[in-house]
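Chains X and C supply the protein sequences, listed in that same order.
Per our numbering, the first sequence starts with residue 1, numbered consecutively.
Per our numbering, the second sequence starts with residue 1, numbered consecutively.
Keep in mind that the hints were calculated from the coordinates and are not lab data.
For each residue, glycine too, the CB sits at the ideal point set by N, CA and C.
It cannot be assumed that every hint is accurate.
Covered by chain C, per the in silico footprint, the following chain X stretches (three or more residues, Cβ under 8 Å) [to be verified]:
id: 1; region: 140 to 146
id: 2; region: 167 to 175
What follows is a set of in silico ranges between Cβ atoms, one per label pair, in the way DEER data are often shown [said to hold, decoys possible]:
id: 3; chain 1: X; residue 1: I201; chain 2: C; residue 2: E210; range: 56 to 66 Å
id: 4; chain 1: C; residue 1: Q35; chain 2: X; residue 2: S165; range: 53 to 63 Å
id: 5; chain 1: X; residue 1: N253; chain 2: C; residue 2: K155; range: 30 to 40 Å
id: 6; chain 1: C; residue 1: N242; chain 2: X; residue 2: K400; range: 32 to 42 Å
id: 7; chain 1: C; residue 1: A99; chain 2: X; residue 2: I189; range: 40 to 50 Å
id: 8; chain 1: X; residue 1: N298; chain 2: C; residue 2: S156; range: 36 to 46 Å
id: 9; chain 1: C; residue 1: S83; chain 2: X; residue 2: S112; range: 40 to 50 Å
id: 10; chain 1: X; residue 1: S165; chain 2: C; residue 2: K86; range: 50 to 60 Å
id: 11; chain 1: C; residue 1: N242; chain 2: X; residue 2: L191; range: 47 to 57 Å
id: 12; chain 1: X; residue 1: S112; chain 2: C; residue 2: E210; range: 45 to 55 Å
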Amino acid sequence: MEKLLIKNGIVVDPATDTQVKRDIYIENGLIKEIAYESIGKNKSGIDINVIDANNLYVLPGLVDMHVHLREPGFEYKETIKTGMKAAIAGGFTSICCMPNSNPVNDCKEVNSFIINKAKSFDLCNLFTIGAISRSNKGLNLANIGDLKHSGAVGISDDGRPVEDSSLMARALLYAKTFDMPVISHSEDIKLRGKGLINEGIISHKLGVNGIPSASEEIAIFRDIKLAEYYGASLHIAHVSTKGSVELIKMAKNKGINITFETCPHYFSITEESLLSYNTNAKMNPPLRTMEDVNAIKNALKDGLFDVIASDHAPHSEDEKNTTLDEAPFGIIGLETSLALTLKLYHEKYLSMLDIAKLMSFNPARILKLQNRGGIRNGNIGDITIVDPGKKWIYKKENIKSLSKNSPFINKIFKGAALYVIIKGKIFNL
Amino acid sequence: MSYGKKDLISINDLSKSDILYFVETAKEFKKISLQDIKKVPTMRGKTILNLFFEPSTRTKTSFEIAQKRLSADTINLSISQSSVAKGESLSDTILNLQAMKPDAFIIRHYESGAPFFISNITNASVINAGDGINEHPTQCLLDIMTIFEHKKEIKSLKIAIIGDIFHSRVARSDIAGLSKLGAEIYLYGPQTLMPRFINSDNIKIAGSMETAVKEADVIIMLRVQKERTSFYFIPSIEEYRNYFKLTCEILKLASKDVLILHPGPVNRDVEISGSIINSGKTVILDQVENGIAIRMACLYILLGGRHS
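The following block holds chain X by itself, in its conformation from the complex (with noise of 0.2 Å):
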């Protein structure tokens, strides 16, 4: 019998749009009471956690919907196991992985091995997503019903586009079916074609190839209009450029059932973190420019985006330290995506109601995680407690995932999560 309470935080909960401060008594595994006086007087005895979050937020659990981890088949650079320790210590409660391990995530067995591992280590929760196309190789659609049934909780083909349109609106179709969401990862990949880093003055000093902001915009346009033609529920992943930003507001005008999502790197650095050839600062979509990352941080402010996501992308030492050309695309992103987001706040671009929808309510709505993404009575006990104030440095030696491919190792942030808890149980950062 777990008891918990958490007193004197002020509780964010964006399911009731309302910041107040509030007591939360959790009670094996689930919220169990909420209140302005302290519930404390008569929850008293040596059985109960006390958690005194005074000037501290208390936020619903946050959900990194975007994460990839590297099990099975690629264990170097991440598993299931260190992929959640990295959750926990950024701040996550649960994460979402993408299908492209090795086997491709895109049959029960697949599907239910993942599970089933996460199940075993007492860490955050993991929900998966399954693969659109068989093997992710946009041929054919995945046993969609399959992956529904084992657990799955969306489907993408993330780490690739769609290619074929036709393959798009079926696979929009055939996952409504199931009402299944679909992640998109909007790109023509024929316009990125050798393309390493943004095509523009960066990629012409550095004399590598570039990928055209229009790779991204082009795509994105196409799967907006698929999801209004066919009424399908679509979300696009990583967006990236203020060409972007503009299909996001003609999206949502028209009222589209579509949800966008944009990660930390792009609202934080440019294209010039690439100067030196660094290739911890290349990823696709890539990092773009100043007036892509002042659109994306002025999306945000407006509310156009649904949900911040570190597609976490860990790759090893080794495969990155090399050129521009050789290495692989992706950036770690768990341990850093909640600090890089409260600079946002400091910066009076988010409020932290505004971070509780981005990093919980809405990725819980969108995948519909149950009694997940608000905090009431009868919820799932996950829960952040952030001190936006404190400050630390991103220490490589620190790093929880097994890969260290981050461009903001050695950066001094303010704003953190001091204890995660997790149906309950409390992990104290």
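Given chain X's structure and the hints, the job is docking chain C onto it.
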């Protein structure tokens, strides 16, 4: 009662009373097939050309038997050995055959609208024996006849049509015909195989197999073709079997005296449990039997009527 048109191309061309007239006439013709000598001279001297541009077992045999039992002179044109295979156009083929003065063309074609096209360039009667994904009007009539053998009325019956609706000419004709008779129609299948533009209050797309089958008076199961796994309509036959097959368990939700129809050919244990068929819970063979009666009635009404 009479039917004024020379052709049977689409169920949409028939009024409610036309449909009932065809079915009533078929009831009479059904008796002939039960006699010792299964032949009447009704169509003596009539020439009927069966043009099957697509493989067919059931429908082709059914039409041929109907014609023979009515004493018509029947010619089957095998398309693979005809001048069509040599590159002759469809209209030239029909005009040449027309010059031989047939009384009727029975057309099965892989392209929607082909029987309609043919009906416009010939004086002979044209019966659509299935065109592309468009219509199969005689199948609809035999389905209605089969339902009437068990139900007094079709009005306000709950009829579930399950499977590949989009590619099914049977479904298109059945939906049109059953709607005219006032049925409440529930469609179910993967969304990729559902029609997307329906603007009729009596036709609903069910959210689940259970919703479609619950308290249904009639269930019409449709065949799903293996080819649907290409072009991304379904992921695999295994998955179809797991989530879209009519099972004994789901069937329990239906009305007690539910009728189960299937136009054939059946993929056992893909769209329907083999055990449902084995236990005699379907009227699939009644449909086949009634098919002959309906086709006799169609020939009689279209050809006999004009000359009487």
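Verification of the hints:
Only residues whose beta carbon comes within less than 8 Å of a beta carbon in chain C count, and the region 140 to 146 of chain X has 7; three or more means the coverage holds. Residues of the region 167 to 175 of chain X with a Cβ under 8 Å from some Cβ of chain C number 5, which satisfies the need for three, so the listed coverage holds. Between X/I201 and C/E210 the beta carbon distance is about 59 Å. The supplied range of 56 to 66 Å therefore holds. Against the hinted window of 53 to 63 Å, the Cβ-Cβ separation of C/Q35 and X/S165 comes to about 59 Å, which satisfies the hint.
The hint said 30 to 40 Å for the Cβ distance between X/N253 and C/K155, and at roughly 46 Å that hint is violated. Between C/N242 and X/K400, the C-beta spacing of about 39 Å keeps the proposed range 32 to 42 Å intact. Remark: the range hint 40 to 50 Å for C/A99 to X/I189 is contradicted by a beta-carbon distance near 58 Å. Distance hint check for X/N298 and C/S156: the Cβ-Cβ separation is about 57 Å, which falls outside the suggested range of 36 to 46 Å.
Taking 40 to 50 Å as the suggested C-beta distance range, the pair C/S83 and X/S112 does not conform, at roughly 59 Å. For X/S165 paired with C/K86, a C-beta distance near 38 Å fails the hint of 50 to 60 Å. Restraint check, C/N242 to X/L191: a C-beta distance of roughly 38 Å breaks the suggested window 47 to 57 Å. Against the hinted window of 45 to 55 Å, the Cβ-Cβ separation of X/S112 and C/E210 comes to about 25 Å, which falls outside the hint.
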